[in-house]
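**Student:** Below, each chain spelled out in residue letters.
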Amino acid sequence: MSTAATTHAPDDHAHAHDDHHYDPGFWRKWVFSTDHKMIGIQYGTTGLAFLMFGFMLMMVMRWQLAHPGEAVPVIGGMLQAIFGSSAFQADANGIRGVLTADGYNSFGAMHGTIMVFFGIVPVAFAAFGNFVVPLQIGAIDMTFPKINMASFWCFFISCIFMVVSFFVPGGAAKSGWTSYPPLSGIADLGPLNHVFMNGQTLWVTGMVFNITASLLGSVNFIATIIQLRAPGMTWMRLPFFVWAQFVTAFLLLLAFPPLEAAGVMQLMDRAFGTSFFMPTGLIVNGAITQWSGGGSPILWQHLFWFLAHPEVYVLILPGIGMVAEIIACNTRKPLYGYKAMVGAIFVLGFLSFIVWAHHMYMTGMGAKVAGFFQVTTIMISVPSVILVTALMLSLWGGSIRFTVPMLFATAFLPMFGIGGLTGIPLAFNAVDLYLHDTYYIIGHFHYVVAPGTIFAIFAGVYHWYPKATGRMLNEFLGKMHFWLSLIFINGIFFPMFLQGMAGVHRRWYDGGATYEQLITPVIHWNNFMSVSAFLLGLAQIPFIINFCASIWMGRKASDNPWDATTVEWDTPTPPPHGNFIKEISVYRGPYEYSVPGADKDFTPQTEAPRSDRPPSVGVAGPIATHAH
Amino acid sequence: MQIPHEVTARPDTGLYNAKLGIWLFLASEVMLFGGLFSAYIFLRMGAPDGYWPHGLLNVPVGAMNTAVLIASSVTVVLAWASLKMRKFSQYKLWMGISILCGALFLFVKLAYEWPQKFDHFGAFIKPEALAKYEPLLGNKRIEEENKKGGAKIDPRVEISGHLHEVVIDASAADKERLDAFLKKHHLEAKPDAHHPNLLAVEGKHLTPGVVEDLARLPDGTLKAPGIKLKTFVLALDPVNADPTNPESDKPHFWYKGATEKHGEIQVEDVESWSAFAPKHSPYFAVYFTITGLHGLHVLAGVLIMLYFWLPIEGGANMFKRNPEHLANRVEVVGLFWHFVDLVWIFVFPIFYLL
Numbered sequence: 182m183s184t185a186a187t188t189h190a191p192d193d194h195a196h197a198h199d200d201h202h203y204d205p206g207f208w209r210k211w212v213f214s215t216d217h218k219m220i221g222i223q224y225g226t227t228g229l230a231f232l233m234f235g236f237m238l239m240m241v242m243r244w245q246l247a248h249p250g251e252a253v254p255v256i257g258g259m260l261q262a263i264f265g266s267s268a269f270q271a272d273a274n275g276i277r278g279v280l281t282a283d284g285y286n287s288f289g290a291m292h293g294t295i296m297v298f299f300g301i302v303p304v305a306f307a308a309f310g311n312f313v314v315p316l317q318i319g320a321i322d323m324t325f326p327k328i329n330m331a332s333f334w335c336f337f338i339s340c341i342f343m344v345v346s347f348f349v350p351g352g353a354a355k356s357g358w359t360s361y362p363p364l365s366g367i368a369d370l371g372p373l374n375h376v377f378m379n380g381q382t383l384w385v386t387g388m389v390f391n392i393t394a395s396l397l398g399s400v401n402f403i404a405t406i407i408q409l410r411a412p413g414m415t416w417m418r419l420p421f422f423v424w425a426q427f428v429t430a431f432l433l434l435l436a437f438p439p440l441e442a443a444g445v446m447q448l449m450d451r452a453f454g455t456s457f458f459m460p461t462g463l464i465v466n467g468a469i470t471q472w473s474g475g476g477s478p479i480l481w482q483h484l485f486w487f488l489a490h491p492e493v494y495v496l497i498l499p500g501i502g503m504v505a506e507i508i509a510c511n512t513r514k515p516l517y518g519y520k521a522m523v524g525a526i527f528v529l530g531f532l533s534f535i536v537w538a539h540h541m542y543m544t545g546m547g548a549k550v551a552g553f554f555q556v557t558t559i560m561i562s563v564p565s566v567i568l569v570t571a572l573m574l575s576l577w578g579g580s581i582r583f584t585v586p587m588l589f590a591t592a593f594l595p596m597f598g599i600g601g602l603t604g605i606p607l608a609f610n611a612v613d614l615y616l617h618d619t620y621y622i623i624g625h626f627h628y629v630v631a632p633g634t635i636f637a638i639f640a641g642v643y644h645w646y647p648k649a650t651g652r653m654l655n656e657f658l659g660k661m662h663f664w665l666s667l668i669f670i671n672g673i674f675f676p677m678f679l680q681g682m683a684g685v686h687r688r689w690y691d692g693g694a695t696y697e698q699l700i701t702p703v704i705h706w707n708n709f710m711s712v713s714a715f716l717l718g719l720a721q722i723p724f725i726i727n728f729c730a731s732i733w734m735g736r737k738a739s740d741n742p743w744d745a746t747t748v749e750w751d752t753p754t755p756p757p758h759g760n761f762i763k764e765i766s767v768y769r770g771p772y773e774y775s776v777p778g779a780d781k782d783f784t785p786q787t788e789a790p791r792s793d794r795p796p797s798v799g800v801a802g803p804i805a806t807h808a809h
Numbered sequence: 022m023q024i025p026h027e028v029t030a031r032p033d034t035g036l037y038n039a040k041l042g043i044w045l046f047l048a049s050e051v052m053l054f055g056g057l058f059s060a061y062i063f064l065r066m067g068a069p070d071g072y073w074p075h076g077l078l079n080v081p082v083g084a085m086n087t088a089v090l091i092a093s094s095v096t097v098v099l100a101w102a103s104l105k106m107r108k109f110s111q112y113k114l115w116m117g118i119s120i121l122c123g124a125l126f127l128f129v130k131l132a133y134e135w136p137q138k139f140d141h142f143g144a145f146i147k148p149e150a151l152a153k154y155e156p157l158l159g160n161k162r163i164e165e166e167n168k169k170g171g172a173k174i175d176p177r178v179e180i181s182g183h184l185h186e187v188v189i190d191a192s193a194a195d196k197e198r199l200d201a202f203l204k205k206h207h208l209e210a211k212p213d214a215h216h217p218n219l220l221a222v223e224g225k226h227l228t229p230g231v232v233e234d235l236a237r238l239p240d241g242t243l244k245a246p247g248i249k250l251k252t253f254v255l256a257l258d259p260v261n262a263d264p265t266n267p268e269s270d271k272p273h274f275w276y277k278g279a280t281e282k283h284g285e286i287q288v289e290d291v292e293s294w295s296a297f298a299p300k301h302s303p304y305f306a307v308y309f310t311i312t313g314l315h316g317l318h319v320l321a322g323v324l325i326m327l328y329f330w331l332p333i334e335g336g337a338n339m340f341k342r343n344p345e346h347l348a349n350r351v352e353v354v355g356l357f358w359h360f361v362d363l364v365w366i367f368v369f370p371i372f373y374l375l
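So the sequence lines, in the order shown, correspond to chains A and B.
Read in order, the letters of the first sequence are residues 182 to 809 in my numbering.
Read in order, the letters of the second sequence are residues 22 to 375 in my numbering.
Since the hints were derived computationally from the structure, they do not count as laboratory data.
Where hints are given, some of them may not hold.
What the hints assert, rightly or not - Straight-line alpha carbon distances no greater than 20 Å define the calculated SDA-like cross-link-like pairs of lysine to any residue that follow: (1) B/K300 with A/K327; (2) A/K763 with B/M22; (3) A/K327 with B/W44; (4) A/K327 with B/E289.
Unchecked claim - Now the stretches of chain B that chain A is said to cover, found in silico as 3 or more residues with beta-carbon under 8 Å: (5) 29-37; (6) 40-47; (7) 184-194; (8) 329-338; (9) 362-375.
Positions of the beta carbon are idealized from the N, C-alpha and C atoms, including for glycine.
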């Protein structure tokens with residue numbers, strides 16, 4: 182299709198068939214692809230693998246918390262062989278595989294980094310955004326396909342940095358996922374460490390690549406949504422998922438660069454001895470360090486949280502978008518308050534830029550500054566509540582189909598609700614000073630992101646898998662996966678609130694054994710939570726089997742297996758290069774389910790109103806217009 | 022497969038894709054440099070009195086570079102306008118001038134401004150030793166001036182200039198290694214006139230970097246074993262050569278290099294010393310990071326403009342096939358170039374003038 186096909190004559194089928202000859206060869210098709218669907222799948226599989234990897238790091242940590250100082254059973258020796266003696270050591274009896282304190286810090290820092298920047302953002306934003314958004318707006322691809330490919334490969338390079346960092350002397354970064362200086366400024370520097378090939382420097386470098394990938398992706402997403410909407414796809418006809426991705430892309434576009442700046446500065450501190458973040462007269466191991474001083478660790482915190490607060494909305498908004506799509510489709514009724522939700526998500530996006538310092542109450546900021554951030558933080562709960570309430574009300578009076586994606590989407594609502602509501606106390610300076618750095622924070626954050634976003638991701642995988650592969654995922658394995666995951670994930674995170682309120686600190690390497698007398702009433706939960714974590718790991722096995730085997734063995738999917746209305750279901754399954762085999766025009770809003778008087782309970786966005794339906798289509802009947 | 026609106030604008034947005042893309046990219050760039058500039062503000066606000074230098078940079082050279090960049094922003098618009106009028110030879114001329122301006126800017130930065138810093142030496146004096154160096158600092162007069170009222174003048178805590186000589190105690194050193202080191206760097210070591218145990222190292226290749234290799238740490242502890250730094254002898258900067266001159270109280274327009282006057286600093290009195298390199302102080306850390314990142318942007322702009330200027334596919338050869346597409350490309354790089362220019366318009370005052 183080399184000629185310009187910018188005209189959209191409704192009966193212009195001449196170009197459509199050219200795509201059957203599209204054969205770019207193995208490398209261009211599967212590896213260096215510029216097709217948004219392949220890039221989405223690449224992002225998705227890489228991200229899911231990292232989610233698994235990050236979860237495994239946590240399972241090793243949970244073993245250490247429940248059984249401090251004991252070797253990891255069965256795989257301990259293997260872990261020590263892989264991660265080396267800085268992360269694992271032998272116990273008194275010579276059994277290999279005891280997680281060291283350094284190893285614990287390193288696994289904790291990398292768990293956070295990997296889950297946030299290498300797992301959830303790539304899957305929820307990049308993978309689903311790439312695969313679904315152009316299809317939903319009726320575009321043949323992203324606006325800048327080559328930049329899209331560059332985005333993925335930039336991301337891939339950052340993945341290599343992070344993985345390699347586990348295997349350099351000293352192990353991976355160990356200053357927390359927030360990488361606070363001065364700890365991160367002095368970590369892994371010294372005669373035993375390579376100037377560049379050390380955990381923290383690789384972390385910073387990897388993050389710079391990761392941020393660049395996000396930047397390229399977000400420019401592409403916004404430009405695609407603005408420029409490539411199909412004829413008739415007006416703004417208020419966009420599916421809510423597209424709105425969510427649109428706002429998310431703006432958050433990434435504008436919030437990430439300050440962290441890139443901070444990353445460059447930390448790199449300067451580590452590689453060229455500057456003191457952006459190193460204070461004057463810093464004493465390490467009893468000696469004054471050689472930095473010229475004059476820097477400020479608080480500066481890093483500001484720059485970091487200026488990203489990282491919008492980042493939590495980057496984590497959750499695509500999830501809410503997916504859940505909205507799935508709820509509308511499976512309740513067979515329109516979203517309640519679509520316009521209010523669109524308004525809310527913009528307010529949310531804006532407010533997320535002015536709440537960051539509520540992560541920093543402990544720095545001793547002045548009462549006025551703290552007051553400002555308390556107010557904005559409370560304000561941001563308003564649009565969040567609008568979103569969740571609208572989704573809850575969407576369930577009301579629906580004839581709900583409890584398909585596997587719908588189960589995950591329904592569970593998302595109370596789980597995200599718990600996560601959100603437990604955040605409100607943290608908005609207040611006085612309460613936060615007590616709860617800061619306790620397990621309460623961990624519980625709050627994980628309820629938002631784990632049974633929140635990750636459940637939304639699972640919902641999305643079950644929902645769009647048929648479109649991507651042409652096969653359905655197995656329903657029984659899916660339900661097994663859902664129920665087990667729901668039970669065990671609560672088993673991990675709910676006791677964290679109890680522990681946190683009792684004062685259990687998030688960074689205790691021995692699970693609090695040293696302070697056992699202080700936390701006697703809650704320390705026994707460690708075991709319960711760890712067992713839950715291991716069982717949650719086992720509960721993912723049905724999903725992994727389902728995900729891999731259904732590509733070949735799954736039931737064949739029709740083009741629109743869920744009887745959904747949005748445009749992505751109006752493509753062949755799986756969609757070919759160029760996506761659509763006919764010119765797409767949009768005639769109606771995204772959620773025309775159960776329209777009174779319609780001849781079926783869903784009306785696709787591309788279905789022309791009866792009066793201006795082309796005569797040739799009218800004869801073939803309403804179903805034939807979107808069956809191929 | 023052809024992506025819509027690659028060349029012609031989408032009617033309802035009035036934009037072709039790349040124009041929207043570059044504006045979004047520039048929004049993100051604003052945040053990137055915004056982060057760096059806020060670091061500048063944060064560090065400057067937090068710097069103790071006297072620790073944020075003024076007037077160290079060469080203002081006329083910086084002003085010339087500013088003019089060069091602004092001129093290139095004009096010529097890049099003229100290049101775009103020429104394409105819109107389909108005047109190819111004019112395009113080649115104006116684009117060529119824009120590229121040369123960008124290259125000249127980079128040349129001045131890399132061949133003159135940066136290297137000059139790496140040769141320059143500065144030492145922060147410990148608070149308790151400041152009185153000892155009063156003849157080089159002139160703090161008493163500043164105190165009196167400040168008592169009179171008017172604009173507050175920062176006290177001076179740093180002595181800077183060109184390294185003339187370094188006195189070392191090499192009595193415990195491995196003589197062979199020391200000789201090899203000195204020979205490698207074309208330095209001479211003569212016994213000090215007053216202290217027979219000490220060696221005075223000098224030579225025109227004596228830079229702060231070489232001294233760091235001799236003994237890296239400010240307190241004189243060793244990198245090269247057995248060598249202890251004792252004294253720096255500097256050809257002083259004007260401010261230290263003539264500290265009571267009121268001219269030195271404010272940033273000056275014409276740059277003055279180190280004078281002929283020598284001054285001595287005992288290493289034991291020094292808090293930290295180095296070349297005017299990134300690690301010297303938060304000021305130079307921010308200066309090098311921002312001008313470095315800005316320089317990378319200039320380089321990227323020059324390379325992209327060169328790509329559109331050279332007679333290649335996707336570059337100037339596009340004129341015959343699709344002149345509008347080439348004009349769009351030049352418009353997009355022009356927008357980027359204006360942004361790069363705009364960043365410099367912030368950089369110039371905050372580092373050179375304030």
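**Student:** All hints are to be evaluated individually against the structure, with a verdict given for each.
**Tutor:** Tested hints:
1. Distance hint between B/K300 and A/K327 is unfulfilled; the C-alpha atoms sit about 39 Å from each other, more than 20 Å.
2. Only pairs whose Cα atoms come within 20 Å are accepted, and A/K763 paired with B/M22 is accepted, the gap being roughly 13 Å.
3. At roughly 18 Å between alpha-carbon atoms, A/K327 and B/W44 fall within 20 Å of each other, so this suggested pair holds.
4. Restraint check for A/K327 and B/E289: the C-alpha separation of about 58 Å exceeds 20 Å, so the hint is violated.
5. Counting residues of the segment 29-37 of chain B whose CB lies closer than 8 Å to any CB of chain A gives 4, so the stated coverage by that chain holds, three being the minimum.
6. For the segment 40-47 of chain B, the stated coverage by chain A holds: 4 residues have a C-beta nearer than 8 Å to a C-beta of that chain, and at least 3 were required.
7. With 0 residues having a Cβ less than 8 Å from any Cβ of chain A, the segment 184-194 of chain B misses the three-residue criterion, and the hint is violated.
8. Here the segment 329-338 of chain B counts 0 residues with a CB under 8 Å from a CB of chain A, which misses the bar of 3, and the coverage is violated.
9. For a cut-off of 8 Å, the count of residues in the segment 362-375 of chain B with a CB near a CB of chain A stands at 0, and the three-residue condition is violated.
Violated hints, listed in ascending order, are 1, 4, 7, 8 and 9; each of the other numbered hints is respected by the structure.
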